[in-house]
Amino acid sequence: MSAMTADVPVLEFRNASKHFALSRDRVVRALDGIDLVLEAGQTIGVVGESGCGKTTLSKLALMLQRPTGGEVLFRDMEVGAFGREDWRRFRTSVQAVFQDPWSSLNPRMRVIDIIAEPLVASSSMPRVEREARAARLMDDVGLPRAFLSRFPHELSGGQRQRVAIARALSIEPRLIVLDEPVSSLDVSIRSQVINLLKDLQEQRGYGYLLIGHDLATVAYISHRIAVMYLGRIVEINTSAELISDPKHPYTQGLLAAHLADHPAQRGRNVPLGGEVPSPLSPPPGCHFHTRCPKAMEICSRVEPMSISSGAGLVACHLYGQAG
Amino acid sequence: MNAHGPSPSPHPSARRSEAPLLEVRDLTVEFKTRHGEVRALDRVSFDLRAGETLGIVGESGSGKSVTARSIMRLLPRNARVTGGEIRYDGRDLLTLSDREFRGIRGKAISMVLQDPLTSLNPVFRIGWQVGEAVTIQQGLRGAARDARSVDLLRGVNIPAPEIRLHNYPHEMSGGMRQRVVSATALAGNPRILICDEPTTALDATIQAQFLNLLRGLQEAYGLAIIFITHDFSVVAEMCDRVAVMYSGQIRERGDVFEIFDHPAHPYTRALLASVPKLGETERLTTIPGQPPSSANKLPGCAFAPRCPIADSVCHASEPPDMALRDDHTSLCWRAQ
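Line order of the protein sequences matches chains A and P.
The opening position of the first sequence corresponds to residue 640 in the working numbering, with each subsequent residue numbered one higher.
The opening position of the second sequence corresponds to residue 12 in the working numbering, with each subsequent residue numbered one higher.
Hints are computed from structural coordinates only; laboratory data are not their basis.
A hint or two may mislead.
[Said to hold, decoys possible] Calculated pairs, DSSO-like style, for lysine-lysine (alpha carbon to alpha carbon, straight line, at most 30 angstroms):
no.: 1; chain 1: P; residue 1: Lys43; chain 2: P; residue 2: Lys288
no.: 2; chain 1: P; residue 1: Lys43; chain 2: A; residue 2: Lys837
no.: 3; chain 1: A; residue 1: Lys933; chain 2: P; residue 2: Lys288
no.: 4; chain 1: A; residue 1: Lys837; chain 2: A; residue 2: Lys933
[Stated by the list, open to error] From the derived model, a few chain A residues whose C-beta atoms are all more than 10 angstroms from chain P:
no.: 5; residue: Glu717
no.: 6; residue: Val718
no.: 7; residue: Leu854
[What the hints assert, rightly or not] Covered by chain A, per the in silico footprint, the following chain P stretches (three or more residues, Cβ under 8 angstroms):
no.: 8; segment: 100-106
no.: 9; segment: 171-179
no.: 10; segment: 211-220
Everything numeric in this text was worked out from a predicted model, so none of it was measured.
For every residue, glycine included, the Cβ atom is placed at its ideal position computed from N, Cα and C.
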């Protein structure tokens, strides 16, 4: 394997936007001015309600879609400037694990071929070597090698998700986009997969972009968390600081929605009211002001700038002067 | 109607002392499959008391939804109740004819399912669907039906219900749709509401709102709730008592505080320890192996192959239901 260069970020969003034009005057601003840096060996978790742009963000990270404004960089290279060789390098360095292991594995391929497929596509590795590699990957993800000759329908959900992870690891990627990797799994299987993802990162230094909705799980896996609301990052901080000292009222609302870990804590939180407004006509100023319990007059007029707060950034007028 | 009828209990408000509203005894359900008869529920027993919330927790295939569906008579065609009783109001519901059961379903016991998009008919307006329930459950028609529909929607905190009646399901958000489903479920003033993973498809914020609403409805209607879930934090948030299911059997049962503070069954203990808690960073406990498939039953305890403390007895013979403190039982040889 080529040497890891730790100083270059694996993935970087620079003021990146993605707007979808539905008609001349109807534009969905799925992403708006995203700044995000993912270093090698790190995990950034992205949280927010449905419709906040998490999935669009992951599509941009996978270069499945191009930004309509700003830049997305993979290891300091701007996607727009990718040549043939850059694309090849990109595709051999980035992988994804999706939520549903029932639809993300080809039902007509055996496990061995599923895991080795990225190697076929990206290298001229001889078949014998590929298959030996697939067998080692089965060990890595804790599946018996006997499963190599099975088809996906012969495996349980947790086993399938391990196959999906093994496939992602086959080419020793630098970046893995994890889109809700455990939400479709049974509770007793989730912790197996979560521990596996953490161990693999520690051993091999993968960068993870983790899309999730359960704050406790995302915080457990991630070094930093970006909180998204209607296409914007409203707060980003280390997991520990974001959980213990959330600044943005939306982050506070998400934390309040987290249910009790013990019956003694029940009913202690007032959940955030309302729902995410349509991204077709987001509220002016701070998008969140319509649901914000601390909204001020300025919030409906002026979009707040991101200012630094502890180890992170927050975009909220409450901290405008103090920052 | 039913809720206003004579109460079977002399102390409808006393929660602990009165006779249970619903008694399930040794309920056994079998499915006919290509591989022969498969036992999906094996001698499941529990009580539901008036006004309380009972959580039934389990993973996929544990039998929690089959339990709910057997009570509601919504089992698929290849399933059959082969033993046990479901007693409500002094009667065994399993002995009622389909016609008699119509007086129970929706009126005495009602249900909210996981996915509000599939429990609502996409081609009818909300008003029609809520109105249908009002007509069936209460015999109201015309203006009286519409007025009652608006009341029901208002009761589940749907803003501007008069306008919402004209919406189709796709014009509403998931959270709003689940409220509509709940309004429909409450049309017959039931005393028992069975919720089968009602918040699994919802965002965390909307889930919290819905659970809050459910608490309010429980108070307002004096509902007893059976909450089917895979999520222990929903149990912590909502339930008074808990039954933990694994492989078609209730493995452990007890007061919610008792279960969280002194879980006796190794499966319950492992499940509680395998969920990340907000802000904690210790390595998660895992449960090795996979949930069993009910097709090939081994002798002994069904959890034994994955159990960290199983010994030869556990692998050889089925554990008894051990009574622990108070109301707390555990189906385990090693329970203390």
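Violations among the numbered hints, reported as their numbers in ascending order: 1, 2, 4, 7, 8 and 9
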